[in-house]
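The chain contents come next:
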Amino acid sequence: MIVRGLSARGLTKVFGGLTAVNNVSLDLSSGTVHAVIGPNGAGKTTLINMLSGDLAPTAGSIQFDGRDIVGYSSDQRSRMGLGRTYQKTNIFGSFTALENCRLAAQSRERHALSMWRSTRAYPSLEREAERALAAVGLEQRAMAIAGTLSHGEQRQLDIAMSLATRPQVLLLDEPLSGMGADESASMVGLLRGLAKDHAVLLVEHDMDAVFALAEVLTVMVNGCVLASGTRDQIRASDEVQRAYLGSAEARGG
Amino acid sequence: MEFFIQLLNGIQYGLLLFLLASGLTLIFGIMGVLNLAHGSFYMVGAYLAYWLARQTGNMWLAIPLELAIVFIIGLILESTLYARLYHRDHLHQVLLSFGLILIFEELRSIFFGDDVHGVPVPESLKHSIPLTSTLSYPVYRLFISATCLAVAGAMYLVIQKTKIGMTIRAGSTNREMVQSLGINIKLVYRWVFAFGVTLAAFAGMIAAPVSSVYPGMGSQILIICFVVVVIGGIGSIKGAMVAALMIGIVDTLGQVLLPEFSGVAVYLLMAAVLLWRPQGLFKVA
Amino acid sequence: MLVLGAMCIALVPLTGATFYIQLVSKIMILAIFAMSLDLLVGCVGLVSLGHAAFFGVAGYLIAFLSPKYQAASFWLTLPAVLMISAALACLIGLLVLRTSGIYFIMVTLAFGQMLYYLFHDTKLGGGSDGIYLYVKPELSIAGSKVVDLEKPLQFFYFVFAILLGVYFLLRRILVSPFGHALAGLRVNEQRMRSLGFPPFPYKLGAFVLAGMLAGLAGYLSACQFGFVNPEILSWHYSATVLMMLILGGAGRLYGAILGAFAYVLLQELLASQALLGSLAKHWQLGMGVSVVLIVLLLPSGLASLFDHFGRPRLAQSGG
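Protein chains in written order, with our numbering: chain A, 121 to 373; chain B, 1359 to 1643; chain C, -16 to 302.
If you're looking for bench data, these hints aren't it; they were derived computationally from the structure.
Here a beta-carbon is modelled for each residue, glycine too, at the ideal position from N, C-alpha and C.
Simulated restraints, written as ranges between beta carbons of each label pair:
{"id": "1", "chain 1": "C", "residue 1": "G84", "chain 2": "B", "residue 2": "L1500", "range": "36 to 44 Å"}
{"id": "2", "chain 1": "B", "residue 1": "V1568", "chain 2": "A", "residue 2": "S181", "range": "53 to 61 Å"}
{"id": "3", "chain 1": "C", "residue 1": "Q173", "chain 2": "A", "residue 2": "G257", "range": "25 to 33 Å"}
{"id": "4", "chain 1": "A", "residue 1": "G191", "chain 2": "C", "residue 2": "Q173", "range": "13 to 21 Å"}
{"id": "5", "chain 1": "C", "residue 1": "L262", "chain 2": "B", "residue 2": "F1361", "range": "46 to 54 Å"}
{"id": "6", "chain 1": "B", "residue 1": "L1483", "chain 2": "C", "residue 2": "L77", "range": "45 to 53 Å"}
{"id": "7", "chain 1": "B", "residue 1": "V1568", "chain 2": "C", "residue 2": "L288", "range": "44 to 52 Å"}
A few chain C residues that don't get close to chain B, going by computed Cβ distances all over 12 Å:
{"id": "8", "residue": "V(-5)"}
{"id": "9", "residue": "L48"}
{"id": "10", "residue": "K51"}
{"id": "11", "residue": "F57"}
Computed, partial: chain C to chain B, Cβ under 7 Å:
{"id": "12", "residue": "V30"}
{"id": "13", "residue": "Y100"}
{"id": "14", "residue": "Q267"}
{"id": "15", "residue": "V278"}
One chain only, chain A, in its complex shape (with noise of 0.2 Å):
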C-alpha cells in the first residue's frame, strides 16, 4: 500500500509588512498525527490556510501525492483527497445533519451537477453520509436538524462533513475548541481512531489532547518554527518549555 502524505518545504506568507508565517517545513504521512502547536498569533491557521487553498503562500513548495499543488485551489485539492475543518464551526444550519453529509459525499458523485433527480434517488450518497457520520459517532442525531445540536456535536459533524468526502489527509483547525471535559475526551478518542487511516495536521491549544494524539509536534513562535520532533523530544525541550509549554500549563492549557 503507498503510504501517502504531505510535504511542504520552506512555506512562507508575507503580508504587507508582516511576515505571518516564516520558512516552515513539514511532513504528513498516513497513520500519524502531526500537531502544530504555538501561542496565538504564531501563523498556526496562517499555515492551515496555506496547506488547504485558502491562501496562496508567498514562497515555498507542498507536494501531495508526488505532486506540487501550490496552484491548486482549495476545491481541487479536496477532490485530490485533502479534508480539513475551520476553528469556527462550519455547518449548514439548517439541513439536518445526515443532509450535511450528504452534501458533502456529493462532491465526490459525477451527479453532483445532476438538476433533475431528487437527491433521495442517490442511495449511494446517503450511504456515505450514513458511513461518515457513524465514523464519528453522530449516527444517532442523523435526523435532527444541525442548527440544534450541541456545540461538541457541531465540531464532531464539521469533521464527519469532511469524512464524508473520502480524504487521505485531514487537516484540523482547533477541533477542540469550545468543548468541555467530556466532550473533549470523546473527540480525542474519535481524532485517535481517525489517525489509523489517515494522515492528520492537527491544529490545538489544549496540551492533554495534544500530547494523547500526537507521535510528531512542531511548535511554531511568531511564524517560524521553533522546534520539531518527537512528542518525547518536544516535552523535554527547554527552549519549548520556556517559549510555550510553560505559560500553556500556567494557563490550564
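Given chain A, work out where chains B and C should sit, using these hints.
Just chains B and C now, with coordinates in the frame of chain A:
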C-alpha cells in the same frame, strides 16, 4: 484644436465624475454600504443650485448654504436609515437606496416639475478664453476642473496626513480594532456618509450651469459613477481618479467620434478591465 | 395553502371582466420573471441588477422573429428565443461571475445598461420608440390551433399553466443535487470549496437557467402587449423585480409569486385616481416609501407572515 477642446471637456467631465465617484467609493470602501441613491444627491445639488440661484441670484452665497443643507440631510438619512443596514445583506441595501431614488425623483417632480431648466453661469465666470481666432474655451468649465482638483487635493491631504484620515483608513480595514481604541466608529461612519453625499451634491451644483437640470440626471450619472468605481477598485480614491479621467475622456471623445456607440463604449471598457482584473485597477486591502 | 392560492388565481376569469383577466395575466408573467430572479437572489445569493436584460432581449427577439402581418410558429420561436437567451446568459455569466458581492451587483447593472443602450441608441430595434408585435405566435398542432393566444381567456390559462410548470420545475431543481449545492454555496461558499465543490459551474448553471426563464417571461410579455421598448431592459426594471422579491420574500419561490401580485396591486392602488386624485401621478413616491418600510420592518417579505404554518424551508438563510 477641436480635438483639444474635446479633450479638455473630457478631462472636465472626468474630474466631475471623480468628485462623485470618490464619495461613492469612500462610502463603499469604508462602510461597505451600497448606496444607489448617490446619484439622487447629485440631482438634489443641481436642483438646489437652480432654485437658490433663482431665489438669491447669487451663486457664491448659495453654495455654502446648499452644502450645509445636504450635509444635514445626509446625517439624518444615515442615522435613521442606512445605519440599520450595515449588517444586512446587499439585497436590502440595494432596495432601500432604490426606494430613496424613487422618493427623491417624485419629490423633485412634485416641487420642480418635469421640465428641463437652465441654470445661469455666475457673472464673474461668464467669459471665455480665446484659443484660436474662431474658437474659445469657457472659463466656467476651467473653474469646474480647478475646483475638482482642489477638492481632490484637499481630500488627499486629509486622508493621508491627518488623524481623522488615519482613523478612516483604519476603520475601513478593521472596524472592531478602531472601536476598541475608544473611537466612536458610528460617528465616523455618519460623517463619512454625510461628507460623501455632500460631495455628490457639490458636483451637481457646479455642473448645473453646464448640464442643465432635468429628470433622470441622477440615474444617468449614477451608472457611470458605478463603472468608475468598479474600474478603479472599490475603496481606492486613486483608482477613482484614474478611472474617472479615463471614462471622462473615452465618453466625451466617443460621443464626438462614434455617437451611436458611445453609450456602449464605457461598458465595453469596464468589461475589458474586469476580464483582466476582476477587482478593479487598484485593489484596496 | 399553495393549492388555495392556485385555485384563487384559476377562478379569476369567473369575474368575467377582461380587465382583470388581462391584469392577472400580466402579473403571472411578472411572477415567472420574479421566480427566475429568485433563483439567483434567494437561492444562490447573487443579487443581479441586470436581469431585465434577458427579459427585454427575449421580447425583442420574438418581435424580430415574427413576420410583420403573420403569426410566427410558437413551436419554432419559443425554443429559439429560449436558446438564445441561454446563450446570452452564458456569455454574460462567464464575465460577471468572475466577480462577487458588491462588484457583482454593479457589473450586472452595467451589462444590463449596455444592452439597454444597444437597443435605445441604435437602429437595431426601432430605437427608443420600440417595435410592435402585430400578430401573436400561433400555437397549433397538425394545422389546427390548440390555444388561441389572441383570446385573453385562453392566453390567461396558457400563462397559468406555464406559471405552474415553472414553479414545479424550479421546486424540483432545488431538491436535486444541483439545487442542494446551490443552497450550500449560498450559505458558506468557503466551506463548500473545502468540501470539493468548484463554485463556478454551479453559479453559471443557475445564471443560465435564470436567464432562460427570464427570457420565457419576456417572450410571453411581448405576446401579451404586442409591443416592446428599451425600458424593459433598464436597471430600473431590474430593481423593480427585486422589489417584488422583497415584498413577497426571497428564497421561497412562492414568495416571488406573492411579491409580483403585491407589487402590481400596490401600484394599481397608488396610481388610482379614484382614491388619490392628483397625487396618483406620483405613485412612485408611495412605492418608494413602501419599499423603504418593507426593508426596515419586514425584510423577509409577506411570505414570512406565513412562517407560522409549515416547517423551515431549505433555501432560507441559515448555517
